[in-house]
Amino acid sequence: MPGTSPADPPRLRLAPSPTGDLHVGAAWMALFDLAFARRHGGQFVIRIEDTDQARAQVDSEQSMLDSLRWLGLDWDEGPDKGGPYGPYRQSERLPRYAAYARQLVEQGQAYYCTCTPERLAALRQAQMANKQPPSYDRHCRELGLHPGQSEPHVIRMKVPLEGESVAHDLVRGELRRAYKDSDDQVILKADGFPTYHLAVVVDDHDMRISHVVRGEEWISSLPKHLLLYQYLGWEPPLFAHMPLLRNADKSKISKRKHHTSMQWYERQGYLPEAMINFLAMLGWSMPDGRELFTFADVMEHFTFERVVTSSPVFSLEKLQSINGQYIRALDIPALAERMVQRPYVLAQLPLVRERMRTLNEFHPLTAFFYEDVLAYEPQLLVPKKAVAADVPPWLAAARDLLRDFRPWRAGPLEEALRALLAENGWATGQVFMSLRVALTASTQSPPLTETMEVLGREKTLQRLDAALQALA
RNA sequence: GCCCCCGUCGUCCAGAGGCCUAGGACACGGCCCUUUCAAGGCCGCGACACGGAUUCGAAUUCCGUCGGGGGCACCA
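Quick note on the working numbering: the first sequence kicks off at 5 and runs consecutively.
These are computed hints drawn from the structure, not numbers from a lab. In this text, a Cβ means the ideal position worked out from N, Cα and C, and glycines have one as well. One should not assume that every hint holds.
In silico lysine-lysine, DSS-like type, Cα no more than 25 Å apart, as pairs [as the list claims (entries may be wrong)]:
no., residue 1, residue 2
1, K162, K193
2, K261, K322
3, K259, K463
4, K256, K463
5, K463, K261
6, K322, K259
7, K322, K256
8, K254, K322
Ranges between beta-carbon positions, derived for each pair [unchecked claim]:
no., residue 1, residue 2, range
9, P368, A102, 57 to 65 Å
10, T447, M360, 12 to 20 Å
11, L353, E462, 19 to 27 Å
12, P13, R260, 37 to 45 Å
13, A102, R422, 42 to 50 Å
14, A400, P368, 29 to 37 Å
15, G90, E168, 33 to 41 Å
16, K261, V344, 28 to 36 Å
Can you build the whole structure from these sequences, using the hints too?
See the structure below:
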């Protein structure tokens, strides 16, 4: 098996979330992945899912790498440097998937299916109405269809009608599931793109991944993945299904209920080593029970066997305490150094340097970056020669433009905003003033789009909404 | 509805048949220290979901119930 002999060092991968941000869940797994890989002299690669709706664009990809670096989890290889087994970007791998899907059809382990979405929807609806589990009825399975180019079709894999799948999981032990509870999954879509199931199997094989570490939400598709390895004649990797991090209400951790972006923690002033320590205590513990430890300690002692099987609630209480302990452990010069070296502070400096007459003025000039809720004086949002009713459309239009705007950089942002204003015949000075107040609660601030870049998308959008609310 | 995973203090973990009248950390409460607030020290509150079975003995094994979560897409 790959990765199980010393001569064959493990290769693990991180699959970033579609937005490209490094989220707490991903960071949490990456931390263990990397500890494990490093300990055994292996590698850790990033597989970029940049096709279809998973569009990790350059700037967000960069922010993910920045977050990993901040955590100290960077390694000598970027997404394109995972060794000779790339490409690691899905968009560059497209031709491979269709070929394998067709190979499976030829081998009789997959088949063309021309069922229409309408038929499938009706089928599903009928099954639900009859309190049956929704699943494909294998209508095309034995038809031996060979649809022409023009006829829309997908390729589905054949799942055995009986028997069961038995797998070994590094954290949970034996995982069993009857084949009859898995249906004939689509592996190649009508548009020629693979579904995740095919893509991940092909990619992990091509990239020589030895250990697949992923959330337990994937357990139920494990039999299909294993089947795909078997059909393709490949040795499957080892699997570790990690518990899911949860909200306080026990649901799967979500953006609505937590700050899930690593950047937020960085900006909030948490120390990366405290963050690592905290994350490593979720679902795992040091064999000797120590609760203050470093990444090097994790590296030395991490095993999948010690990962808990129940899902931890992600709560900040303990992180704050740990962070305090790390801060207190720093001597004053070191602490001072850490404060000024903080990337968020570093990013603010160029914006306020020319506005500072004393070093102390740095604080009032940058205070607005840190407020959770800005205290608006609504009349400030209404620039000279404008009336209150003018403003909401400006802010709303800006918000809509910014929601998915990429790349999140001052230059492009300014260009796009100016274009928006020109299109609507709005006065730049007036609109920019309103935006400025919305983002900083003040009529005096560093240049608008530079401020936006440093503030980040999330806070920018939040503040636009807040300003709109203040005007309502 | 069906399938799967899981179930120890409010939260995070320890616990792999006797070391458990269940241990630590965070949070919370009290006291001490102290011009305040922290930090620190001491003390306290607080859990093995329930029911059976196996065993001389179960938090630890098995079964059931209940509870929570996840999955059941031409999303990942």
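Here is how each hint holds up against the structure:
no. : hint                      : result
1   : K162 <-> K193             : 15 Å, holds
2   : K261 <-> K322             : 17 Å, holds
3   : K259 <-> K463             : 13 Å, holds
4   : K256 <-> K463             : 23 Å, holds
5   : K463 <-> K261             : 16 Å, holds
6   : K322 <-> K259             : 20 Å, holds
7   : K322 <-> K256             : 20 Å, holds
8   : K254 <-> K322             : 18 Å, holds
9   : P368 <-> A102: 57 to 65 Å : 59 Å, holds
10  : T447 <-> M360: 12 to 20 Å : 18 Å, holds
11  : L353 <-> E462: 19 to 27 Å : 21 Å, holds
12  : P13 <-> R260: 37 to 45 Å  : 40 Å, holds
13  : A102 <-> R422: 42 to 50 Å : 43 Å, holds
14  : A400 <-> P368: 29 to 37 Å : 30 Å, holds
15  : G90 <-> E168: 33 to 41 Å  : 36 Å, holds
16  : K261 <-> V344: 28 to 36 Å : 33 Å, holds
The structure meets every hint from the earlier list without exception.
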